[in-house]
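Chemist: I would like the entire structure built from these sequences, with the hints used as guidance.
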Amino acid sequence: MAKHRGRGIASINYPIGMNLGGDPSQALVHSNPSGKFTVSLSSIDLGQGMKSVTRQICAETLGVPVEDVYVDTADSDTGPHCMGSFASRGTHRVGNAVMAAAKEARGVMMEAAAEELEVNAADLETDGRGNIHVKGAPHRSISTKDVAIAAQFKQGKTISGRGIFLVPLSEVNPETGEMSPATCYAHACLVAEVEVDDETGEVAMVRMDSAYELGRALNPRLVEQQLVGGAWMGISHALFETPEPYYPDPTHGPRDFVEYLMPGPGDTCPHDIAVLERPAADGPFGAKGPGEMCANPVLPAVANAIFNAVGVRMDELPITPEKVLRAIKAQGGARPQARR
Amino acid sequence: MLELRKDIFADERDDNLKEIGKGTQRQDMLGHVTGTSTYFDDHKLQGMLHLKVLRSPHAHARLRRIDTMEAERSPGVRRIIRGADVPRNLNTLLSLINFGKDDEPSLAVDKVRYKGEPIVAIVADSPREAYEAMAKVRVDYEPLPAVFDVEEALKPGALVVNETYPKNTFIYHDVYDHQKLRFGDVERGFAEADHVLEQRYQMSPIEHAPTETNGSIAAPDTNGRYVVYTSTQALFFSLDTCAKILDVPSNTFHFIGGTVGGGFGGKVDTLTEPLAILGAMLTGRPVRYQLGREEEMQFGSPRGAERIYIKDGVMRDGRIVARKIRAYFDSGAYTRLSSYAVVKCVAHLPGPYTIPNVHGDVYCVFTNRTPATAMRGFGVTAMDFALECQMDKLAHLVGIDPMEFRILNAYRDGDMKAHRREAKNTALIECAQVAAEKAKWPLREEVKRMSSRKDGGGSRAAISPTPIEPAPQRAAVSQQRTTYDRAPPAPIHEPPPPAPPPPPRPQSPSHGATRFSSVFGTRRR
Chain A
7 MAKHRGRGIA
17 SINYPIGMNL
27 GGDPSQALVH
37 SNPSGKFTVS
47 LSSIDLGQGM
57 KSVTRQICAE
67 TLGVPVEDVY
77 VDTADSDTGP
87 HCMGSFASRG
97 THRVGNAVMA
107 AAKEARGVMM
117 EAAAEELEVN
127 AADLETDGRG
137 NIHVKGAPHR
147 SISTKDVAIA
157 AQFKQGKTIS
167 GRGIFLVPLS
177 EVNPETGEMS
187 PATCYAHACL
197 VAEVEVDDET
207 GEVAMVRMDS
217 AYELGRALNP
227 RLVEQQLVGG
237 AWMGISHALF
247 ETPEPYYPDP
257 THGPRDFVEY
267 LMPGPGDTCP
277 HDIAVLERPA
287 ADGPFGAKGP
297 GEMCANPVLP
307 AVANAIFNAV
317 GVRMDELPIT
327 PEKVLRAIKA
337 QGGARPQARR
Chain B
366 MLELRKDIFA
376 DERDDNLKEI
386 GKGTQRQDML
396 GHVTGTSTYF
406 DDHKLQGMLH
416 LKVLRSPHAH
426 ARLRRIDTME
436 AERSPGVRRI
446 IRGADVPRNL
456 NTLLSLINFG
466 KDDEPSLAVD
476 KVRYKGEPIV
486 AIVADSPREA
496 YEAMAKVRVD
506 YEPLPAVFDV
516 EEALKPGALV
526 VNETYPKNTF
536 IYHDVYDHQK
546 LRFGDVERGF
556 AEADHVLEQR
566 YQMSPIEHAP
576 TETNGSIAAP
586 DTNGRYVVYT
596 STQALFFSLD
606 TCAKILDVPS
616 NTFHFIGGTV
626 GGGFGGKVDT
636 LTEPLAILGA
646 MLTGRPVRYQ
656 LGREEEMQFG
666 SPRGAERIYI
676 KDGVMRDGRI
686 VARKIRAYFD
696 SGAYTRLSSY
706 AVVKCVAHLP
716 GPYTIPNVHG
726 DVYCVFTNRT
736 PATAMRGFGV
746 TAMDFALECQ
756 MDKLAHLVGI
766 DPMEFRILNA
776 YRDGDMKAHR
786 REAKNTALIE
796 CAQVAAEKAK
806 WPLREEVKRM
816 SSRKDGGGSR
826 AAISPTPIEP
836 APQRAAVSQQ
846 RTTYDRAPPA
856 PIHEPPPPAP
866 PPPPRPQSPS
876 HGATRFSSVF
886 GTRRR
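Here the protein sequences line up with chains A and B, keeping their order. For the first sequence, the residue numbers in this note's numbering are 7 to 346. For the second sequence, the residue numbers in this note's numbering are 366 to 890.
Read the hints as simulated data drawn from the structure, not as lab findings. All of these numbers come straight from a predicted model, not from anything done at the bench. Any given hint could be a false lead.
[What the hints assert, rightly or not] Computed far set for chain B versus chain A, every beta-carbon distance over 10 Å: (1) 409; (2) 412; (3) 420; (4) 454; (5) 475; (6) 502; (7) 523; (8) 532; (9) 611; (10) 614; (11) 623; (12) 682; (13) 792; (14) 819; (15) 822.
[Stated by the list, open to error] Okay, the calculated beta carbon distance ranges per label pair: (16) A:7 / B:400: 41 to 51 Å; (17) B:411 / A:206: 32 to 42 Å; (18) B:787 / A:40: 22 to 32 Å; (19) A:270 / B:398: 19 to 29 Å; (20) A:170 / B:614: 16 to 26 Å; (21) A:9 / B:410: 52 to 62 Å; (22) A:206 / B:449: 48 to 58 Å.
[Said to hold, decoys possible] Heads up, simulated EDC-like pairs for lysine to aspartate or glutamate below, C-alpha to C-alpha not over 20 Å straight-line: (23) B:545 / A:181; (24) B:383 / A:74; (25) B:387 / A:124.
Positions of the beta carbon are idealized from the N, C-alpha and C atoms, including for glycine.
Modeler: In structure tokens, the structure reads:
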């Protein structure tokens, strides 16, 4: 009886946005007279960071500091329509809508600044720190706050913008399945190392190394949060979770977190992640979306690592100690494969 | 630990940005870490009542009689809601995009089709009084045989789970009991292959297990409106679903949400809002309805189980020449979103690889279990598990390193995908190369030099001649009823038209709901 180590890999891609498109989102952006901007959405922040990502997109597009933007979301009386926070669509769809709204608002802001500075709006640029100045002449400058005051009380202009993003709906051919399911795809490859106890059937995670291609990491800290947490969910899906442990027999369903097992902190492992950025042509600053795909490569990588460790193929999820032990016994003992 | 590999694809990016690419602290971080962020359940309203539902203990049973007399007199009970009180007690979530037929009641009327299906809702002053009254509801059940296995459910003579779909499958394009993918000729591919490998994979259901269970609070507002605090993942999706079920204009509702304690797909189904609002309408008081942990785990709705068969033909040099897939999505007793997951899964085949011959048949099957719904990786997670286990076996079979095997078969810019669109902006090869580098997984020099941007297209952009089966007899709509099925016939669905030819390509994309209706030809609202 012994513990055996093995490594397995998986590579995947993932479509961004609701399958077949047809899933619009809208955004409204406006400034108050102090030059502070509000983004109005009906999108949901599930903890993934929707508010923060759209805030950064708005600030970058307007050319103002992120502190000058606040995202207000999920009120059906004030936020315009959004399909919802699912299908890895938040960053891509809502981000694009916010970008469009911010562009329109920026246009008005630059016109108002041009009027105050008595120049052509095309000759102005933002410094990202709350000022607008003539290109090549930083001393001919006005703060966004003064522009907002002038727009509101002197010029009678609304510094505001509307945005919508829609990928037109694709049809599906009944005979061939021909369709346009998505406009861009994220990618990943993950190497998992496990240790399998051939006496108990238990599988322990040793480490993971991965590379994720996400178009653009708009906020690398939020990306890290998604990828680390998502891989943890992947481990959980691979080795622990189901509300029907004897599926398709529906009995013995767990009712709480004592019976429904998930990995605790001691069951996770070091995870070394690389992020690649190949911008999507229609993504906001090229961004795709890491939200859903981050768990997917972990499940097969773990199954393949178990094969490498003890020589059994685990084709049914979750891969519980009982299943591993039965498979090892049926095989007549562990058969470690070539170490790699 | 996260490393940004700015060196790769650098020529495709402008990295000269001010706010984008920075690890700025979240706007809502302070509220989250100090426990002051507001969730739906932080709205304790004066005079708030509590709603609980009585759920079926049987997976399949006729409801002979529901007696609530004693329960109505139970202390603290303000109202008992039955199916007849729900203005439109039949809905399917995707009717909002005209996809599928209404097939699920808010409260069961004559039958229950899964263990845990709601039958009556009790609105009381406290949760305890609601539970006490629930124990006094008398339901006379006639238990019926149930079907739990997707392939059993498809056998001729299998009992009918959901009368709206008497063949126990969702109907695609009004004709087929599955969604097809046909690209090239797999049988010719298998004949040419050096090895053919066929395998079966199974994923059990998975629970979303959010920290905050599904819930909502609905309260009468001024001017005949209702304010609804909700944990939904899709504010307008839930609002429009409630407007349909309760048969009122959508501006009757003011939905407020936006901070959610974990969703992962399990908060799209609008499980609590319609009954909470109906409770508020019937009592004139605020009503709170939140699932308990056991309800969330067993009767909320999970990631649905999938059974997948993959048959591959591979050459000795490692090229995959044919891939044939048959998969069954276990939708449970009602459709919810599984019908859509099937189409997304078909679009995903055969994985991120260029294979000249691909054949897919994916089914959405009804069984007597909790309806499945969306979850992170919707339609793809289980298929990726099956595909990548299969890739490992194929590499082993032909004696090629599994990482190199994937890079060899990876799709590249300009290749034709099986859903007949050109691959663009691909990066699978680079991900594999970087992951290998990180894991110190040895790759040969020539494999390290491969690129998603090189050597794609050309012959890899071709669509091989594809045999199309003659259009079948259209799916029999004859009600496949069993002796135990005495329910009144489901609302009449007109017999589908004769198998149509592939729909004509529109000249330009049009918009709106009517456009949706032509996608699958299942307009029904």
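Chemist: Are the hints correct? Go through all of them and say.
Modeler: Evaluated hints:
1. Taking the minimum C-beta to C-beta distance to chain A, about 19 Å, the non-interface status of residue 409 of chain B holds against the 10 Å cut.
2. In this structure residue 412 of chain B is separated from chain A by more than 10 Å, as the shortest Cβ-Cβ distance comes to about 23 Å.
3. The Cβ of residue 420 of chain B lies farther than 10 Å from every Cβ of chain A, with a closest approach of about 13 Å, so its non-interface assignment holds.
4. At the 10 Å boundary, the C-beta of residue 454 of chain B stays outside the reach of chain A, the nearest C-beta of that chain being 24 Å off.
5. Look at residue 475 of chain B: its CB is around 22 Å from the nearest CB on chain A, clear of 10 Å, so calling it non-interface holds up.
6. At the 10 Å boundary, the C-beta of residue 502 of chain B stays outside the reach of chain A, the nearest C-beta of that chain being 21 Å off.
7. No beta-carbon of chain A comes within 10 Å of the beta-carbon of residue 523 of chain B; the shortest separation is about 13 Å.
8. Residue 532 of chain B, annotated as away from the interface, keeps every beta carbon of chain A farther than 10 Å; the closest lies near 17 Å.
9. For residue 611 of chain B, the condition that its CB be more than 10 Å from all CB atoms of chain A holds, with the nearest at approximately 15 Å.
10. For residue 614 of chain B, the condition that its CB be more than 10 Å from all CB atoms of chain A holds, with the nearest at approximately 13 Å.
11. Here residue 623 of chain B does not stay apart from chain A, with its beta-carbon only about 3 Å from theirs, under the 10 Å limit.
12. With a least CB separation of 19 Å from chain A, residue 682 of chain B remains clear of the 10 Å interface cut-off, as annotated.
13. At roughly 4 Å from the closest C-beta of chain A, the C-beta of residue 792 of chain B falls inside 10 Å, breaking its exclusion from the interface.
14. Distance check on residue 819 of chain B: its Cβ is at least 14 Å (rounded) from any Cβ of chain A, clearing the 10 Å threshold; non-interface status holds.
15. The claim that residue 822 of chain B is not at the interface with chain A holds, since no C-beta of that chain comes within 10 Å of its own (minimum 17 Å).
16. In this structure, residue 7 of chain A and residue 400 of chain B meet the distance hint of 41 to 51 Å, their C-beta atoms being roughly 47 Å apart.
17. Under the hint 32 to 42 Å, the C-beta atoms of residue 411 of chain B and residue 206 of chain A, about 56 Å apart, miss the expected range.
18. One distance hint, 22 to 32 Å for the beta-carbon pair residue 787 of chain B and residue 40 of chain A, is violated here, with the actual separation near 49 Å.
19. At about 21 Å, the CB distance of residue 270 of chain A to residue 398 of chain B agrees with the hint of 19 to 29 Å.
20. The hinted range of 16 to 26 Å is satisfied by residue 170 of chain A and residue 614 of chain B, whose Cβ atoms lie roughly 23 Å apart.
21. The supplied range of 52 to 62 Å is met by residue 9 of chain A and residue 410 of chain B, whose beta-carbon atoms lie about 56 Å from each other.
22. The supplied range of 48 to 58 Å is met by residue 206 of chain A and residue 449 of chain B, whose beta-carbon atoms lie about 55 Å from each other.
23. Under the criterion of a C-alpha separation no larger than 20 Å, the hint pairing residue 545 of chain B with residue 181 of chain A is consistent with the structure, at around 6 Å.
24. Straight-line distance between C-alpha atoms of residue 383 of chain B and residue 74 of chain A comes to about 14 Å, which keeps the hinted pair within the 20 Å bound.
25. Annotation: proposed proximity of residue 387 of chain B to residue 124 of chain A is violated, straight-line Cα distance about 34 Å (limit 20 Å).
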